[in-house]
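Each chain is listed here by its residues.
There are 2 protein chains.
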Amino acid sequence: MSTPNVAPFSSIRLDKYSPNPIYLQIAEGIGELLKSGVLPAGYVLPPERALCEQFGISRMTLRQAMGLLDREGLIESRRGRGTVVTPARLRKQEQELKSFSEEIRDRGGRPESRLISLELTVPGESVRDFFELRDQQKVYELLRLRLKDGDPLALELVRIPERLCPGLERFDIAKNSLYQILEESYGLRLENCIEEISAEAPTSKLRKLLALPRNAAVLVVNRKTFAEDGRAVELTRSTYRGDQYSAVVRSVRKKKPILRISTSS
Amino acid sequence: MSTPNVAPFSSIRLDKYSPNPIYLQIAEGIGELLKSGVLPAGYVLPPERALCEQFGISRMTLRQAMGLLDREGLIESRRGRGTVVTPARLRKQEQELKSFSEEIRDRGGRPESRLISLELTVPGESVRDFFELRDQQKVYELLRLRLKDGDPLALELVRIPERLCPGLERFDIAKNSLYQILEESYGLRLENCIEEISAEAPTSKLRKLLALPRNAAVLVVNRKTFAEDGRAVELTRSTYRGDQYSAVVRSVRKKKPILRISTSS
DNA sequence: CTAGAACAAATGTCTATACAACTTGCAGCA
DNA sequence: TGCTGCAAGTTGTATAGACATTTGTTCTAG
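Heads up: the protein sequence lines correspond to chains A and B, in order.
Quick note: the first sequence uses this note's numbering, first residue 1036, plus one each step.
Quick note: the second sequence uses this note's numbering, first residue 1036, plus one each step.
Keep in mind the hints are simulated off the structure, nothing from the lab.
All values reported here derive from a predicted model rather than from experimental measurement.
Restricting the straight-line Cα-Cα distance to at most 27 Å, the calculated cross-link-like pairs of lysine-lysine (BS3-like) are:
1) K1070/A <-> K1289/B
2) K1210/B <-> K1240/B
3) K1133/A <-> K1127/B
4) K1289/B <-> K1133/A
5) K1127/A <-> K1070/B
6) K1243/B <-> K1210/B
With the hints as constraints, model all of the structure from the sequences given.
So this is what it looks like as structure tokens:
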């Protein structure tokens, strides 16, 4: 149990003329102290009123900042007792939508991509329904081999409606991230996806492409991606080498009520 | 685009003497209207000041309620414009930690369990490190066959330190949910888990147990479960029939800043 | 010595208000 | 006609204070 001490907070400088509101500056400042470990897990924060005085702000404003930190699971407050720093492993961490390249890089690998084919075709019924297309509206079908550190890791079949990105074939898809092209050149801001992960035995064709050892399985990820406005953007089937790749998922136990105050930009 | 209309909100009754605070009552009331579809996606909520007057509360209190709804992705506010109801598919939905039984039931199946063995053993090094055990401290090893609608679906190996649940063998584990026993009889409140999902080719023993067809793969889920206080509680390896089961994951694109106010109980 | 009362300290809830920043539509002017 | 600028409406940010509720401690009465 550490003693509340105002000293570490003096490093936080408020800029009254910043475009960022005060409560955000406070939250970011304290958040830094928490994430960097300057304030260790179990540390008892000074009472709200002391911090208000320290920063020269009103209590509601401070509580707005504390709400953000609480929402991230960085601190935990209890009425009558005080506010303590949460141990790192209890902090929240949302499942994050990443492109193949982003994910491989996060895992410390070097991603690479080889375009096998790019076609513009009339989709089957299920794909057409998913994208809510009319008859004869086409979709791009992108077949790519994905590599990590030079070795084949996955085969990826991407489907995107032509309507959302006309002229996609003019981009150098092997060089640039597909997500980057969609976001920057077509203004499609991806927001969330749903993935269905299953296991299959590989076909012989796939065995060759991925250089699979005998008796290996593949991990199949079917991803549906949606834009901020809710439109379906992408339907992708990725087939990973089962001996080289695994998906990581983090879940939380459902609570009865809702939680705490924070603020939106 | 619908016209703001105060009428639907008159169904919300506030109880000044309820143990639940006003802002929670408001959030739950409006949340009901949103989730039930009484207020459809795209509906423009009355301005905050109108709602304040309607409910007879101050604006800050109303905004506390709105913050909760925003945090759940049920509504979206824009400065200068107003607040609209979010379409269902854009609403947030946290990845939820479920037991096998809970998950199968949610998918509309009938879960069943057959205990194959229950041993109390001294664990190997990696397991001991994970649970932070001293030499000679033991763990329960539970091997169960899991069935859905009478058919084998998965083989599950659960490891739990004896220290956390001494006398576990006295419970009828086939009948009762293990999670329920841990929570209700040992006070272990599970909070989150991390799962690593991979694909493998089954061993011949596994092929028999799960009645796997020729040339089928298995989906392997390694789950680490933690309690509210951060202690490691459970280490489980589940092996599912690849042709019968798939995992579903929902991810969101990372935003730059943080979001909005809400409150903790 | 203990049980209970009183108190102090901390967070939780709520009010009433003021001003800032953004959006939209409209009036008025060139 | 077309553009500018303004006014009204809406959400975002911030203040200062009051009281409620919970927890832990201290003091007192028995």
